[in-house]
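Participant: Generate coordinates for the entire structure from the input sequences, incorporating the hints supplied.
First to last, the sequence lines map onto chains P and D. Numbering-wise (the numbering used here), the first sequence opens with residue 2 and increments by one. Numbering-wise (the numbering used here), the second sequence opens with residue 7 and increments by one.
Certain hints may be false.
What the hints assert, rightly or not - The list that follows gives simulated cross-link-like pairs (lysine to any residue, SDA-like), each with its CA atoms no further than 20 Å apart: (1) D:LYS20 x D:GLN107; (2) P:LYS39 x D:ARG50; (3) P:LYS4 x D:GLN107.
As the list claims (entries may be wrong) - Here are a few chain P residues that face chain D, going by a calculated C-beta distance under 8 Å: (4) THR31; (5) THR32; (6) GLY44; (7) GLU45; (8) ARG51; (9) ASN53; (10) PHE92; (11) ALA97; (12) GLY101; (13) PHE104; (14) PHE106.
No lab work stands behind these hints, which were simulated from the structure alone. Being a predicted model, the structure only gives us computed values, none of them experimental. We treat Cβ as the ideally placed atom computed from N, Cα and C, and that holds for glycine.
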Amino acid sequence: AQKVTQAQTEISVVEKEDVTLDCVYETRDTTYYLFWYKQPPSGELVFLIRRNSFDEQNEISGRYSWNFQKSTSSFNFTITASQVVDSAVYFCALRALNTGNQFYFGTGTSLTVIP
Amino acid sequence: NAGVTQTPKFQVLKTGQSMTLQCAQDMNHEYMSWYRQDPGMGLRLIHYSVGAGITDQGEVPNGYNVSRSTTEDFPLRLLSAAPSQTSVYFCASSYSSPGGQLFFGSGTQLSVL
Numbered sequence: 002a003q004k005v006t007q008a009q010t011e012i013s014v015v016e017k018e019d020v021t022l023d024c025v026y027e028t029r030d031t032t033y034y035l036f037w038y039k040q041p042p043s044g045e046l047v048f049l050i051r052r053n054s055f056d057e058q059n060e061i062s063g064r065y066s067w068n069f070q071k072s073t074s075s076f077n078f079t080i081t082a083s084q085v086v087d088s089a090v091y092f093c094a095l096r097a098l099n100t101g102n103q104f105y106f107g108t109g110t111s112l113t114v115i116p
Numbered sequence: 007n008a009g010v011t012q013t014p015k016f017q018v019l020k021t022g023q024s025m026t027l028q029c030a031q032d033m034n035h036e037y038m039s040w041y042r043q044d045p046g047m048g049l050r051l052i053h054y055s056v057g058a059g060i061t062d063q064g065e066v067p068n069g070y071n072v073s074r075s076t077t078e079d080f081p082l083r084l085l086s087a088a089p090s091q092t093s094v095y096f097c098a099s100s101y102s103s104p105g106g107q108l109f110f111g112s113g114t115q116l117s118v119l
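Facilitator: Below, the structure is given as structure tokens:
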């Protein structure tokens, strides 16, 4: 079975603090992809990053970084020096080769950055 | 550069009415899907399609029908609307390869009274 767990329902931080959003996944497939999406208050869903199961390199993009660890089945997302514009709901998702190409989403983490 | 076009943006229905949410994509994506988003429940898959003429049920298919007569279009039909179908609906598409990211429409806010 495929499953994505985002245990943090809501997080509040003060501007300029660092924050990490957790994502734990379950799959028996050896080939899969993990994704992060952002949903700002305006409601649209914005793609942030994709990582495949064979690439455990961490990625940094500006203030954003992602830590993929197969040993713990986690794909955590860190925002450094958070800004008010980072306030959004963040979704982690899994897509595996052998499950009909479905995407499995976590329930999302709502991040509020307080000025 | 339209991407995924979803209409309408807002809709109010009375219980028992039927309607169709339209979804079209211009990226030649094989995979198309419909999600509903409810508070605290994330995105739940209603139906999906891996190509024209092929559809399958997702996690919450009851009360909804879909068809895929062309690659571009994937309408979602509510047969007899119920208040439990009040939600935000998203259409999304991607290439079939597992690495393909989902592209989302802008969403439809549906209220069933």
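Participant: Now, for every hint given, state plainly whether the structure supports it.
Facilitator: Status of each hint after checking the structure:
1. D:LYS20 x D:GLN107: 35 Å, violated
2. P:LYS39 x D:ARG50: At roughly 16 Å apart (the allowed maximum being 20 Å), ARG50 (chain D) and LYS39 (chain P) satisfy the hint.
3. P:LYS4 x D:GLN107: Holds: LYS4 (chain P) and GLN107 (chain D) sit about 18 Å apart, inside 20 Å.
4. THR31: 11 Å, violated
5. THR32: Holds. Min distance 6 Å.
6. GLY44: 5 Å, holds
7. GLU45: 6 Å, holds
8. ARG51: 6 Å, holds
9. ASN53: It holds, given that the least Cβ distance between ASN53 (chain P) and chain D is near 6 Å, below 8 Å.
10. PHE92: It holds, given that the least Cβ distance between PHE92 (chain P) and chain D is near 7 Å, below 8 Å.
11. ALA97: With a minimum Cβ separation of about 7 Å from chain D (threshold 8 Å), the hint on ALA97 (chain P) holds.
12. GLY101: It holds, given that the least Cβ distance between GLY101 (chain P) and chain D is near 7 Å, below 8 Å.
13. PHE104: 6 Å, holds
14. PHE106: 4 Å, holds
Hints 1 and 4 from the earlier list are contradicted by this structure; the remaining hints agree with it.
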